[in-house]
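Engineer: These are the residues of each chain, in order.
2 protein chains.
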Amino acid sequence: MNAIGVDVGGTKIAAGVVTPEGELLNEVRYPTANTPEGVVEGIARAVAEAGDGYEAGGVCLAVPGLILAQENKVIFSPNLHAIEGIPLKDELEPEIGLPLTIENDANAAAWGEFRFGAGSEIEHLVFVTLGTGVGGGVISHGVLLRGAQGAGGELGHVTIQANGPRCKCGNRGCLEALASGSAIQRRGREVARERPDSGLGRLAAERGVGGEDVSRLAREGDEAAISVLEEAGMWLGVGVAGFVNIFNPEMVAVGGGAAEAGELLLKSARREVHLRARSPSRDLVEVRTATLGPESGVLGAAALARDPSGEYVLGP
Amino acid sequence: MNAIGVDVGGTKIAAGVVTPEGELLNEVRYPTANTPEGVVEGIARAVAEAGDGYEAGGVCLAVPGLILAQENKVIFSPNLHAIEGIPLKDELEPEIGLPLTIENDANAAAWGEFRFGAGSEIEHLVFVTLGTGVGGGVISHGVLLRGAQGAGGELGHVTIQANGPRCKCGNRGCLEALASGSAIQRRGREVARERPDSGLGRLAAERGVGGEDVSRLAREGDEAAISVLEEAGMWLGVGVAGFVNIFNPEMVAVGGGAAEAGELLLKSARREVHLRARSPSRDLVEVRTATLGPESGVLGAAALARDPSGEYVLGP
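Chains as they are written, first to last, in our numbering: chain A, 12 to 327; chain B, 12 to 327.
Hints are computed from structural coordinates only; laboratory data are not their basis. Do not rely on the hints blindly, as some may be mistaken.
Examples of chain B residues lying across from chain A (beta carbon under 7 angstroms, computed) [claimed, not checked]:
#1 158
#2 160
#3 292
Pairs of lysine to aspartate or glutamate, DMTMM-like flavour, derived with a Cα cap of 25 angstroms [what the hints assert, rightly or not]:
#4 B:84 / A:294
#5 B:179 / B:223
#6 A:84 / B:261
Note that the Cβ used here is the ideal one computed from N, Cα and C, for glycine as well.
Kindly generate the complete structure, drawing on both the sequences and the hints.
Structural biologist: Take a look at the structure:
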């Protein structure tokens, strides 16, 4: 039986039908409205269109922010305030006519990598997603670690430098404050000022430097841009080393936009993991890029859809 | 059916028979020998004496250090080098005549708290043990997180201050380097020098200050000693906040010798958890002392003993 996954993002809603083998059969995309009614309507319409003509056993919404699993409710979503506190399950389930669950988007993406992507052959996977922020999800002994309320897997807000830079969450020295796309942009701009003759410095004289500029210039060989990515990769490695010691995973898969910097970031992260994580965990773990890319949200959500008995529609 | 738990420590071997209700029926203790043969003989003797006259379905050894679970072998044990690399299962099982497994001591203590102690009513428990070092164990969704090789749960070597003080493991800024009994002793001695007129300072003029002295003086109201514990508690809180964000647990239970400082340490830790962990996880979690005390090793080990089919003898 197929399942429908919905990736509810700050700018777009994507819904797709997914087979038990992880094939994405039919995907539709809509821009996200900015009213509660608009978002609910957009989700219902996306599910109806994507599912039209396909049999499916359940629907799951992957949503950015903090979820209260037992209430199937989003309690905090910094990029999608419109859905905070809305009883999405109660409003959508009757209309859609399929069992509906709600999960954190990073947890869903982690589960997608575990079922259909980089981690499909293993039982212990840590997934870190580097975008504007840093999210994560953990599969240990084949189980997605949701925690008591479904709020687990917040890997971006683990402190790695207690007196470090301020994070958007209000604290200091979170992994997100040091290794996210935003952190890369911030350091890129600082380094551009320090090194005006570098590629980064010359670009900054023309316009604001973004995180993608840092990655592009680094690939073109600009030393200043490379140093920014190496530093971010080092911080990523400090965080990942902790996850390796905690979970003894077979793999740490890094996804999200900033992961497109690829090896430039990961080489530096691996060096730090090797320094800071302990044997035998550090010798086992493979630190690599995720493979599902932008479809990980829809695929992961579909993989977490449940049937009326609570079992995953696409299997465990 | 009962099980036999063995707590193999650097100075003593304790073995006991434990019922499915967590009652410790018969415990024997021997000093730990410092040769491989001596340790193996000591374990065999302790198990034979403890189990004499009792029926039991399996034995588990809780051992300090890094375990390779699939080989039932200790690969690194800083306080018990004699057992490193010894095929304990192969040597002991025929002699004991019961199925034998080997687990990390902190994981066993965590499982003991989960089955019979502070966490007996919950499904998501993080256990941190503060002794000379810092160990840990995590139960998530009712499952002990061993990781791929049985080396998971190394909570003491998560980096919380990347450029912090040197840890015995060789890195900088591990939780262990900032919140262990050794860290409390180190800071106690530093503060004694800075404040020679404090209780801590006056004691240091007579003899070397130990971690327990700091706890005792703090209970007696010495401001300098209190400040040392508050600082250690703050660092403990930085680490625990990360665990709360990662695991969304119902409880964090703190055990081990240094936890005897109790509320002086935990109050400060809770303050930091409230600052650094996110809602809803931080609102749910209870940070408290563990309840099993020094028997947690034997009880936890017994609870992890397996029967020939691989099931826990004392139940899940």
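Engineer: Let me make sure I understand: some of the numbered hints might not hold for this structure. Which ones are they, in numerical order?
Structural biologist: none
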